[in-house]
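2 protein chains.
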Amino acid sequence: MRVRSIGFSTTLCTYLRNPRTLHLFISTRRYSHFDMSVVNKSVHPFDKSRLDALLNRRFFYAPAFEIYGGVAGLYDYGPPGSSLQANIMAEWRKHFIIEDHMLELDTTIMTPAPVFETSGHVARFADWMVKDTKTGDVLRADHLVKNVLEARLAGDREARGLAAQPKDDEKDKKRKKKAKTVVVQLADEVVKEFESILAQLDNYSGPEIGELCRKYDIRNPDTDNEVGEPQQFNLMFASSIGPTGQHPGYLRPETAQGHFLNFSRLLEFNNGRVPFASAQIGRSFRNEISPRAGLLRVREFTMGEIEHFVDPEDKSHEKFREVRDTVLSLLDRHVQVSGSTQITQMTIGEAVDKGIVANETLGYFLVRINLFLIKIGINPKRLRFRQHMANEMAHYAADCWDAEIENATGWTECVGCADRAAYDLSVHSARTGQPLVVRQALKEPIVTEREVPEFNKKVVGKTYGRDAGLLQKAVGEMDESQLTKLKGELAQGQATISAEGKEFAITPNLLTIERKTFKQSIREFTPNVIEPSFGFGRILYTLLEHSFWCREQDIERGVLSLPPVVAPTKVLIVPLSAKEEFNPLVQEVSTKLRKAGIFSRVDDSNTSIGKRYARNDELGTPFGVTLDFASVQNRTMTLRERDTTDQLIGPIDDVITVLTELVQGIIDWPAACKRLPAYDGVQAVD
Amino acid sequence: MRVRSIGFSTTLCTYLRNPRTLHLFISTRRYSHFDMSVVNKSVHPFDKSRLDALLNRRFFYAPAFEIYGGVAGLYDYGPPGSSLQANIMAEWRKHFIIEDHMLELDTTIMTPAPVFETSGHVARFADWMVKDTKTGDVLRADHLVKNVLEARLAGDREARGLAAQPKDDEKDKKRKKKAKTVVVQLADEVVKEFESILAQLDNYSGPEIGELCRKYDIRNPDTDNEVGEPQQFNLMFASSIGPTGQHPGYLRPETAQGHFLNFSRLLEFNNGRVPFASAQIGRSFRNEISPRAGLLRVREFTMGEIEHFVDPEDKSHEKFREVRDTVLSLLDRHVQVSGSTQITQMTIGEAVDKGIVANETLGYFLVRINLFLIKIGINPKRLRFRQHMANEMAHYAADCWDAEIENATGWTECVGCADRAAYDLSVHSARTGQPLVVRQALKEPIVTEREVPEFNKKVVGKTYGRDAGLLQKAVGEMDESQLTKLKGELAQGQATISAEGKEFAITPNLLTIERKTFKQSIREFTPNVIEPSFGFGRILYTLLEHSFWCREQDIERGVLSLPPVVAPTKVLIVPLSAKEEFNPLVQEVSTKLRKAGIFSRVDDSNTSIGKRYARNDELGTPFGVTLDFASVQNRTMTLRERDTTDQLIGPIDDVITVLTELVQGIIDWPAACKRLPAYDGVQAVD
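Heads up: the protein sequence lines correspond to chains A and B, in order.
When the first sequence is numbered by our numbering, its final residue is 1081 and no position is left out of the sequence of numbers.
When the second sequence is numbered by our numbering, its final residue is 1081 and no position is left out of the sequence of numbers.
Next comes chain A alone, as it looks inside the complex (with noise of 0.2 angstroms):
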């Protein structure tokens, strides 16, 4: 992350002192360095309730098949939402293929059942569930336990006179069903207990989940009734594929496969060099046992994957040293297991270089994912990074990390970035006898030396007939030193093998070892995996609490603060009415803007101004300009900033010039502020 040193201007001053304009001033990437916690302590609380409704009601997303009743993790995007999704997806293209050159790849949703047999995921894919001994009802058992343990908790600090947090409010228990809150105090060492199982939560088999459950008498919260035992149900989606129903097929539950089984393809591209990245935007499937937290757990996502192929004996990144003072918010597995969830600060080249991040590209991936979800507009202050326990890992992977963003929920993994070694190209090359491998030319020949038996078969044979082979095994099966003492004991004329009870007598006109050269030119390696994989719908609705607020003066009017770089619409065009007269005006902007590669949008709608205004600060529309009778004389516009709802006014042609460099990143309002005078006209603008 580039921190940049600035002289602080006495206007940028006074336009700091307000929470939101410093909001707008952090969310522009080139400050992001700053604190943005202030933001979020200011004014009114933050009001999950208040969000939902804003994001239902203007259509970001709901739930699918919706006049069918919806069913449990679906959702579908509407129009802000499908270009705010649309938008991340492009900046990460941008970030992440472009800045790297990935070879970008599309592959298939359909899997063959082989595919994933071989993958372990048939076998291993799969969350504990348990059953309502009465009901029947399905509950996945880590969030039972959950659930029930936070509930204890919090009946506890009630009952030891502490406030219950903000997020326990009975509003939002309800939305979320979690178990009830009853006031009992617990003893000071149960307290410890809880807390330290939910620290470690994921560190848990199903089997010990079980017995949590019958220690702490967890029972199901929506019945009381008592819980079995945890099963583990597979979380892919079964089909089959072709009309015989011969074919068993998976949807896939990520889109790593496809870029594994391609290797060699990829490999070609890039003519047989390693390091290299694939990456891929696309849906992905699990069919989660009960679904119930909105974006943040779904059944069908669209991810981002890239899986960066790399020698396993030198993961150093050639672009780390660019990187390495980037201060991270570290919460490594020793912390975990300790109980604890206290996050460090450190730069990643300390992280590495003290081993608490395996290597440097996996160190290099988690700066560069840190900037992207700071780039489009997540809260530092509320993004960590995780490391995965030792049972809570796969078991093949050497290292991995979650980025993990703070919400009303809790902390939620929104990226994985994860060591996979060289598992899946080891399996899947095992399976089917394709040599998924680099053959990489030794710049200087690898020689080595060893000792060589050379047996004359001939007298060999004639000597010991039969037990001629038992004898060359054993002598085949012997390491260096034990060929050195032979070679010694023939130069001495004479020596004896055991093999299988059987003694043999030899000399030197039966065996010859000699010391040999031997010259290796190419080295055959199966490459290691680093591979970031996100989920957009998460890093989306963690981004959509994270840039909510309300109007000081009126806590009815929401705005999303999203940066310009993600908004769905960059600048709302606001003609005075519908009046004919604006429309070659109105016509003229928009073509302008359109050709600045800047997408606008015309709202000439009855209502208003403000309340067109109000109505597109619910959509995170950054700006706007407005086109009135003043305009139409004088080609004059205003331009207005969402969050501090300040206006500029200019001629149409200067505003839009410093329109697109406030829409580009170039500049920001306080230097746009200095470029057009401001506007102190009607106040029935805003």
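Think of the hints as simulated: they come from the structure by calculation, not from any bench.
Hints may be right or wrong, so weigh each one.
If several chains are the same, the list does not tell them apart, and a pair holds so long as it fits within one copy or across any two.
Claimed, not checked - Here are the simulated lysine-lysine pairs, DSS-like style, with alpha carbons at most 27 angstroms apart:
no., residue 1, residue 2
1, 489, 990
2, 489, 714
3, 990, 714
4, 1006, 838
5, 990, 1069
6, 987, 489
7, 714, 974
8, 987, 714
9, 990, 974
10, 911, 838
11, 974, 838
12, 443, 880
13, 541, 880
For this one, chain A is given, so just place chain B on it according to the hints.
Below, chain B without anything else, positioned relative to chain A:
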């Protein structure tokens, strides 16, 4: 389609004499009305096997799960294919969504069964298949008839001494597993019969295809065994949602239902007004019976769909007058039913006026589709619009036209454009009880007068007791003229009414009939839907065929003449060698191009510059710049055009300026030749 009038310069005329430079000239969108067929007749005849080899070798796309033996009908796109597809979709988004202010959606693939039960897909989204009576092999019934009859006609042509068509060559037949051509002359009337069947094959039902098989002894060409009766096979992939297996679901076979289910939200987003259109790009799935035609028939594909919601009483389009003079190639249903495939050139204005195309909105979209396809590089001479015949069209559709693109396998539907009437919204509304209607405030209320009967209920009850209901019902069901007659009789003092065999004497104290005025200020209606639906894989493949040719001097040197707007890479940067002294210049050029929004790639491999260019001709890269020692010394750079292999030279910044205008389509190559001097340097460069 805009047609410009151009005064040709002499340079331009020279340029047009070369078929390949002409091709370039045509493929730039400004001159897309030129005759592309000139190009397709040029030098080497089109060889599909060469194109297929190129696409496979350079990883445009490849069979998915190849190392597992592949699965028919599933393909993965590699780097150039993904990029080409992404560029086609970006242009689609601009051309349709942005240009016509459509509302973008991103809806769910996994769909609960009731949705497709309602839409009719569960009952009717099926193809007819036949089974080989001995091996049980499954074949698609209509494809079987087509293959066998076409093979017999080819045998007949050969027997009559007419040359076999180039596409029937031995290699191609094998690849497509076509029926064997047996050289047997057929009776003239049989030839006519076969031709007529083929022209309207899409018009036959399953049982009718079964009859054809029996009548003409059509057998499985692979085994020569008879086939059984055609059976329906539903093409949707089935799965189930949630852990209990109680909720059956299907993968959507089209994105359309996602639009319809969200209709009310979309309407609200559009402030309650029609017409408006929603648009969506997304993956869909069809479990094809036995896909064998590469990207032309696949089981998983990316499609773009538009649903334009319109007042059923007014299907005019506000922009129709802008397009009405555009000439399209039309093949209407009457021509097909008569057994012919003769194309008519006609303006869309005339087609709509004559009722050949059902309405203006449908006509507007046919023109926009035509323009889009030509813009991305489809040869307009190999593009036609074919109207669906009666049996082929969905029962609810008012009209339907397919944009078909000619390729080595014949004419292939790549875009469908249907008027689906009010079918979808009506059935979903009926099933769910949710109103999916537009409520429109009438500008002028509709005032109607009608006769209103009013009984004196007390008196009627007293007079007729239990039969009063019968009488009231009979009067209530009377139409306007009957009421008027009754009113006249009552004015005379008395009337008689018969109902269910009973007679009722009526007097004015029992019943009065008065003329009343009614005022209706809201009109409520279910909008109709015009649906253009694009299959991007088919468009991509046919585009690749239309773009492919080989250099005259060397048939091994394939070229893809993709227009810059869709080419995966716009500019190749070729440093003379990988020596470090070129690095700063390579960096500079690459950065300047990126700032101009142009995606370039560097090829600093060890091979000759000529080979590097040839390799990139295969990828369709339209322009290349070479950096050599002269560049380091004089800051000059050569610019090479792919199709002509002509080279220009100039100062680096001048070349970048010209290049930017070329890529953006502001100038064409002849214009560039006027701006920069020709380079006649070292021949090795090409």
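* **Indices of hints not satisfied (ascending)** => 12 and 13
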